[in-house]
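Student: Turn these sequences into a full structure, and let the hints guide you.
So the chains spell out like this:
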Amino acid sequence: MKRIGFILLAVLALAGLAWLWKPVPPKAAPFPADLGSVEVVAKLVEVPPGAVFHRELYHYATILRYEVVSCARGNLKPGDVIHVAHYDPWKPRAEAGDARAGQVGGTVRSFVAGDRHHLALAAPLDDHYMGGLVDKYFGQHAGVTYWALRTDVD
Amino acid sequence: MANPFSMLGWLGCAGVAALVSAAEVAPLATEVRPLGWIAFSARSPQGDWEVYAMRPDGSDRRNLTNSPDTEDFYPLFSRDGLQLLYRSMPRGQTLSGNDYGRQGRLMLARANGSEAKAMGGEGELPWASWSPDGRQILTLQPKGFAIVDLASKQVVRTFPRGGFYQQPTWSPDGKALVGVSNGFNTGWSIARLELATLQANAVSVADCCTPDWSADGQRVVFSRRRPHAGENGGYGWTELWQAGADGQGASLVYAEVGRHLYGGHVSPDGRYVLFTGNLWEDGDPANRGAPMGLARLTDAPMIAEHPQLRQVYPQAKAAQVLVLPAGHEPCWTSSQAPGLPR
Chain A
0 MKRIGFILLA
10 VLALAGLAWL
20 WKPVPPKAAP
30 FPADLGSVEV
40 VAKLVEVPPG
50 AVFHRELYHY
60 ATILRYEVVS
70 CARGNLKPGD
80 VIHVAHYDPW
90 KPRAEAGDAR
100 AGQVGGTVRS
110 FVAGDRHHLA
120 LAAPLDDHYM
130 GGLVDKYFGQ
140 HAGVTYWALR
150 TDVD
Chain B
0 MANPFSMLGW
10 LGCAGVAALV
20 SAAEVAPLAT
30 EVRPLGWIAF
40 SARSPQGDWE
50 VYAMRPDGSD
60 RRNLTNSPDT
70 EDFYPLFSRD
80 GLQLLYRSMP
90 RGQTLSGNDY
100 GRQGRLMLAR
110 ANGSEAKAMG
120 GEGELPWASW
130 SPDGRQILTL
140 QPKGFAIVDL
150 ASKQVVRTFP
160 RGGFYQQPTW
170 SPDGKALVGV
180 SNGFNTGWSI
190 ARLELATLQA
200 NAVSVADCCT
210 PDWSADGQRV
220 VFSRRRPHAG
230 ENGGYGWTEL
240 WQAGADGQGA
250 SLVYAEVGRH
260 LYGGHVSPDG
270 RYVLFTGNLW
280 EDGDPANRGA
290 PMGLARLTDA
300 PMIAEHPQLR
310 QVYPQAKAAQ
320 VLVLPAGHEP
330 CWTSSQAPGL
340 PR
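Here the protein sequences come in this chain order: A and B.
Taking numbering that gives the first Met the number 0, the leading residue of the first sequence gets 0, the next gets one more, and so forth.
Taking numbering that gives the first Met the number 0, the leading residue of the second sequence gets 0, the next gets one more, and so forth.
The set of hints was computed from the structure by calculation and includes no laboratory data.
The C-beta atom is built at its ideal place from N, Cα and C for all residues, glycine as well.
Here are a few chain A residues that sit away from chain B, every Cβ distance over 12 Å (derived from the structure):
id, residue
1, 66
2, 67
3, 68
4, 71
5, 94
6, 108
7, 114
Facing chain B, according to a computed beta carbon distance under 7 Å, are these residues of chain A, among others:
id, residue
8, 59
9, 126
10, 129
11, 130
12, 131
13, 132
14, 133
15, 137
Tutor: The following block contains the structure:
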């Protein structure tokens, strides 16, 4: 009986510890100061319906609209609206890079409207990406479309 | 004698869909047999990819590359049928269903495979396509299109790619190209680019790929995915379509439930179309390729009989498809040069 009580106590203690334990997110690598030509913090304005979908079959990039909050490198200023192509946007950024897209990464796990992202960007898009593109803003934006090299949670 | 394999039909070779009987396609085989040669890549008995040639009915097959140490693939006859481009990479590398045009080195040979020589290094001169006169090639790279003179190996013209990203094909009259573009809202559009003005127009903006010109350059044959009722896990099956190069008059060429039809290639006389019938998406080129098929364009629109397809295409004819051996990216020339002794 004593033995059963001890085991019960141990199980309860372990359960309590498990309840108290919070996973510590892996520490992100420092944000590189020389990746791409533009570094901004920007707010994801929206995720249009159909812009991000799970598709194992073919890789694609999707274009998302951001509003710049601050700019560390490049000629953007707060309030500017920019369009950014994200490769295989249904994947966490840390798992999205491959031979086709090259070095794509970051700590963002999914794209949620209103989130602020710390972005390293390159342009023009054609110099960095040859592949399928979903553009829900087709015909609504002119000028530079950026290629997201790194997308961290801000 | 015709290749007996070619008479079996999809059902006989893969158990997927029943087409018409062997007897019904026999006249088609007889009709196309003397019409030049088809080149394609396929696994050799040793397991490596080689470029083969055969008569359009599947007979008289011969190995054009004979290189067991390399994977040889993506053959393209020049328009006069005297020269052959293909790509070559070390044995053991996997052929990619989307990137085959930029894998390995570009090779140039006589149409019978002799006098093969490398035209560049690994990955260079990607997605090469012949000029009408066979003296230049058009290539597609991240920085843009480049036209290269074959004799001097000099780049004679460059221009922005404007969203085109794979499978460009130079038109028979040399005035335009068609290719896969991401510049028209959806990711896999077929588009035409006029080379004089660099103006592009969409040919088809559905999920499309592997375009090729008709012999007169007026129409484009291409693959188009159409998930009519959410079949195949919602992805649907890829059908063979054609449209005017200006995007007008799109119509079905051939559809089948259970196979993705890719690699459409129009015969030099414009009367027939070649294609592959893939069971899997990218898996077929990575493994053994897929059975190729040949049909009369005058029979279009046509379907392999299936209740679901019949509902979508009530006017379509029952397809007469001559089934050819497994291969990848076939092309066709009316020239007799591929059959000449090496």
